[in-house]
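4 protein chains.
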Amino acid sequence: MERRTDLALEARELFGEDIKGVAFEEEERENIHITRLKIKNDQAGRQLNKEKGTYITLELPPLTDSFREPDERIKVISEEIRKLLPVNGLVLIAGLGNMEITPDALGPKSAGRILATRHIKGDIASATGLDKLRPVAVVATGVTGKTGIETGEYLMSLIKKIKPNAVIAIDALASRRLSRLGCTLQISNTGISPGAGVGNNRTKLTQETLGIPVIGIGVPTVVEASTLAIDLFDTEDIRLSRKLRSMVNPSGRQMVVTPKEIDLLINRASELIALSVNYALHPDLAISDLLSLMY
Amino acid sequence: MERRTDLALEARELFGEDIKGVAFEEEERENIHITRLKIKNDQAGRQLNKEKGTYITLELPPLTDSFREPDERIKVISEEIRKLLPVNGLVLIAGLGNMEITPDALGPKSAGRILATRHIKGDIASATGLDKLRPVAVVATGVTGKTGIETGEYLMSLIKKIKPNAVIAIDALASRRLSRLGCTLQISNTGISPGAGVGNNRTKLTQETLGIPVIGIGVPTVVEASTLAIDLFDTEDIRLSRKLRSMVNPSGRQMVVTPKEIDLLINRASELIALSVNYALHPDLAISDLLSLMY
Amino acid sequence: MERRTDLALEARELFGEDIKGVAFEEEERENIHITRLKIKNDQAGRQLNKEKGTYITLELPPLTDSFREPDERIKVISEEIRKLLPVNGLVLIAGLGNMEITPDALGPKSAGRILATRHIKGDIASATGLDKLRPVAVVATGVTGKTGIETGEYLMSLIKKIKPNAVIAIDALASRRLSRLGCTLQISNTGISPGAGVGNNRTKLTQETLGIPVIGIGVPTVVEASTLAIDLFDTEDIRLSRKLRSMVNPSGRQMVVTPKEIDLLINRASELIALSVNYALHPDLAISDLLSLMY
Amino acid sequence: MERRTDLALEARELFGEDIKGVAFEEEERENIHITRLKIKNDQAGRQLNKEKGTYITLELPPLTDSFREPDERIKVISEEIRKLLPVNGLVLIAGLGNMEITPDALGPKSAGRILATRHIKGDIASATGLDKLRPVAVVATGVTGKTGIETGEYLMSLIKKIKPNAVIAIDALASRRLSRLGCTLQISNTGISPGAGVGNNRTKLTQETLGIPVIGIGVPTVVEASTLAIDLFDTEDIRLSRKLRSMVNPSGRQMVVTPKEIDLLINRASELIALSVNYALHPDLAISDLLSLMY
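Chains as they are written, first to last, in numbering that gives the first Met the number 0: chain Z, 0 to 294; chain Y, 0 to 294; chain R, 0 to 294; chain F, 0 to 294.
No lab work stands behind these hints: they were computed from the structure. Hints may be right or wrong, so weigh each one.
[Unchecked claim] If we take Cβ atoms under 10 Å as the criterion, some of the chain F residues that face chain R in the derived model are:
| hint | residue |
| --- | --- |
| 1 | 138 |
| 2 | 146 |
| 3 | 233 |
All residues carry an ideal CB built from backbone N, CA and C; glycine is no exception.
All chains should be built: construct the whole structure from the sequences, respecting the hints.
Written out as structure tokens, the structure reads:
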């Protein structure tokens with residue numbers, strides 16, 4: 000796999016649009032281009048280098064162009080999330096990634112704006128009706144290099160303790176194209192395999208291993224420089240690909256790039272995700288009320 | 000208890016210097032005034048409003064006066080921490096408090112500079128000798144209002160999973176005196192009872208409940224305004240205390256204050272704690288090497 | 000002057016409510032208590048330890064209690080600012096203070112959200128009507144200890160170059176009371192004498208020296224600990240005041256305190272000021288449009 | 000000019016290595032590859048698309064690989080800066096760029112660590128010898144879009160007021176190659192033409208217009224995506240270049256990219272520049288003392 004992408008949509012572009020066992024639909028709503036890709040079996044998954052399951056891709060106008068998405072667009076995104084969630088019960092939100100690396104801060108920044116409600120109990124809560132809110136717990140998992148704990152271990156222990164009905168994991172993704180950064184949102188129900196490989200005993204978190212839905216939400220924020228180069232030459236030639244790779248990464252280290260406007264992109268994308276998740280979890284509240292609770 | 004303090008040293012000043020069942024020693028090393036206070040039984044503990052156990056208070060020159068403490072002072076602090084730790088095995092570091100509230104950010108800021116080593120395994124690690132480092136895991140627990148999870152629940156589930164030999168919890172403290180802020184460090188082995196009371200089912204983490212040492216490290220960063228007032232009048236008169244309290248807190252809400260220089264204080268104190276803990280855990284490394292790994 | 004305050008309202012409380020040459024009015028609008036204090040001559044100024052001129056104090060509900068002030072309240076504040084401004088022409092906004100010291104960051108944080116428009120020129124601007132906006136320039140002056148330049152020198156040189164019709168300087172203030180922090184806004188037309196005294200050649204910026212209005216906007220964020228103490232004892236006795244001062248500041252250094260919630264207070268107050276100033280300068284724009292331009 | 004670079008070294012690579020009127024020397028010191036390029040006349044300048052004058056390029060090991068450069072390397076860089084400075088008198092340091100855009104924050108971040116000394120006067124200063132330090136003033140100019148003031152106007156007015164003997168302007172640069180980001184430092188004496196063109200009345204600041212040396216210091220932090228693409232194809236063909244440009248920038252907007260590790264890169268590079276400038280200005284102080292004054 001010479002070209003890296005975390006987007007199932009791009010994997011399909013790259014590895015074949017008519018693979019058997021893959022269903023594909025498109026739709027347009029509120030100026031969002033929605034793609035639903037379903038990988039029905041493991042063989043199709045291997046061909047696309049992706050886990051079996053459903054991937055929803057939402058292509059929006061560039062997030063950095065507007066201050067805030069219109070409410071109608073938030074509602075469309077929320078609805079896609081809600082479809083993958085159980086109708087009630089505790090939801091655990093996990094913000095994955097590193098707060099100190101701007102393009103990797105999407106997870107913790109989004110999590111920081113999602114309303115935790117699991118602890119709201121007691122007389123005041125019942126008097127104000129706050130105890131009727133769906134219970135939500137929120138964590139930022141940090142990264143293994145800073146915690147010494149794998150994201151999987153960490154979430155697994157917490158899940159055992161607080162017993163959620165579903166997990167939503169938010170993380171920054173890699174795309175093959177600069178033009179997809181900051182205007183694409185992927186929602187999937189295929190679980191998490193966190194970390195780019197610290198040893199090989201990584202804990203995979205999926206509906207199969209946990210018995211509850213594990214929903215991933217991500218926005219691409221980075222592109223590998225060599226993927227960019229290979230894409231430009233549009234080549235399948237492995238020798239040329241290798242050569243391009245070594246031109247782009249003269250030191251042998253893979254260069255990964257992000258747009259100059261990454262700070263703004265992360266701010267906008269994390270607010271969009273947090274607001275959409277909050278509305279998916281509390282559809283009885285007004286979006287304006289959710290917003291004022293978030294700050 | 001009209002006057003609030005998290006420092007055992009101040010509790011002794013306030014509630015009696017000759018309570019039975021309390022041992023007290025003082026020492027001077029490297030310009031640090033060290034006080035060792037041992038509460039030997041529950042009755043003495045109730046009189047001082049503190050848990051049974053050992054409290055070591057280190058009074059230093061103001062942290063904001065110098066760029067960095069001299070190495071010799073770091074060594075004195077490290078030694079006090081090391082005395083309370085088991086000689087080997089995994090240590091879990093927990094940074095308690097809220098990163099977004101400067102005077103409460105001591106825990107997460109310190110934790111952010113403590114070296115996690117538990118995950119360092121494999122060929123490269125053994126070739127470089129890094130796998131010989133004492134295993135350390137590090138988490139910032141966040142605050143219940145933002146996570147929906149109590150610090151106790153959170154740590155308990157993680158302890159069950161990764162089975163450390165000891166826990167070190169770092170947190171900001173309240174003092175009765177402005178003059179103690181930013182120049183006092185308390186180290187105790189009396190466990191953690193986190194949160195100022197979200198419900199009454201708080202999980203207490205102590206050596207008794209967990210079977211492993213639970214070491215607390217803290218620096219006072221705040222003072223209650225009413226404690227300040229009552230101290231000024233040096234009064235035991237409860238009516239006067241109440242009146243002062245209502246003068247200082249006209250809205251009925253307790254005002255808690257922190258020095259204007261709190262940003263600098265937190266930066267200096269968190270580096271001091273992180274460096275001392277790192278050296279306590281890895282005494283074979285040079286302090287200068289630890290420092291360069293921290294940034 | 001044993002008790003320090005930057006609020007003219009408090010100076011009047013402390014030094015006399017019936018000084019000759021001082022006019023005083025009160026008004027209530029949109030749940031804001033508005034006080035207008037006019038010091039008519041230098042003698043009255045000396046008695047109150049304040050410059051001659053007009054001081055408007057707005058007492059609001061605690062800023063940290065709500066997410067954002069209602070539009071009607073923004074309009075009241077804007078109107079008070081607008082009354083002191085010339086009807087048209089360039090306005091220079093100066094954010095005074097130190098971004099790295101949270102309680103002193105009000106000036107630069109507010110300035111960071113005020114819309115600069117002076118540079119908007121050319122075909123696109125005239126096609127979109129943006130060139131019709133009132134010209135505004137915005138600077139954060141930094142602090143002398145970090146720049147080597149006095150705020151007065153700095154502003155004076157800029158004023159000479161860009162020739163504004165008025166200056167608005169935003170700065171954090173000291174109050175005598177904790178209860179005034181974060182719910183009081185002072186607007187004055189009495190100029191700026193920046194810096195607590197680096198040498199004695201400080202440049203004073205006033206309408207007299209500059210020939211243009213110099214408007215100050217501030218929110219109290221700190222209280223001197225000794226002022227707090229002397230206030231509690233409500234004493235005029237200088238010996239007792241001295242004793243209290245030395246009790247509160249045992250090291251001889253003046254302790255200045257700020258509330259534990261200072262981060263939130265600064266965020267809310269700087270947004271309030273920025274939005275009010277933006278609306279005062281561009282009354283034809285909707286408040287919601289101004290808000291989206293600010294982020 | 001289809002390929003954009005701010006490095007004179009790269010301009011020479013691109014537009015010709017044997018242009019008349021260009022002198023070129025190389026040297027190796029302390030593991031730094033030093034290149035000295037002198038553009039002797041305007042004609043050569045036009046061919047290289049660069050101002051007449053001296054450009055020194057220092058190629059270092061990747062800044063993100065080590066915690067801090069060794070002292071000997073700092074001394075080499077300082078010496079290159081010192082050669083371009085007058086032997087004494089006030090120096091004005093200007094940090095150019097936008098603090099809120101990480102890859103553009105090099106200027107303000109570096110400036111924030113440079114010691115301002117111009118204001119240090121009086122008895123204490125002369126007793127401690129601090130008044131013997133070379134006078135230095137430091138400003139972060141902000142960006143026109145946020146201030147409404149052009150960098151040139153701003154610096155010009157300040158220079159008129161404080162009359163420095165030299166200006167050092169620090170700014171982030173664009174390179175043609177990813178591999179040059181974060182390991183290259185350019186020092187020049189060719190002045191500043193700030194801003195990518197807000198109108199055409201930009202103030203150029205050069206030794207000619209100001210009568211004092213204007214030294215630029217920069218580190219490349221970004222690359223244009225289309226420059227990257229054209230470089231990969233190594234083409235002079237303008238049609239192909241145009242095609243590549245449109246493939247890389249499908250929306251018509253120029254994409255500019257930065258490495259994923261940009262936060263760390265900016266931290267390291269700004270400390271390196273600040274320390275080198277501080278040592279160039281105060282060669283009698285020890286590097287370790289300068290470092291502790293910087294934090």
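- Message: If you test the structure against every hint from before, which numbers come out violated?
- Response: 3
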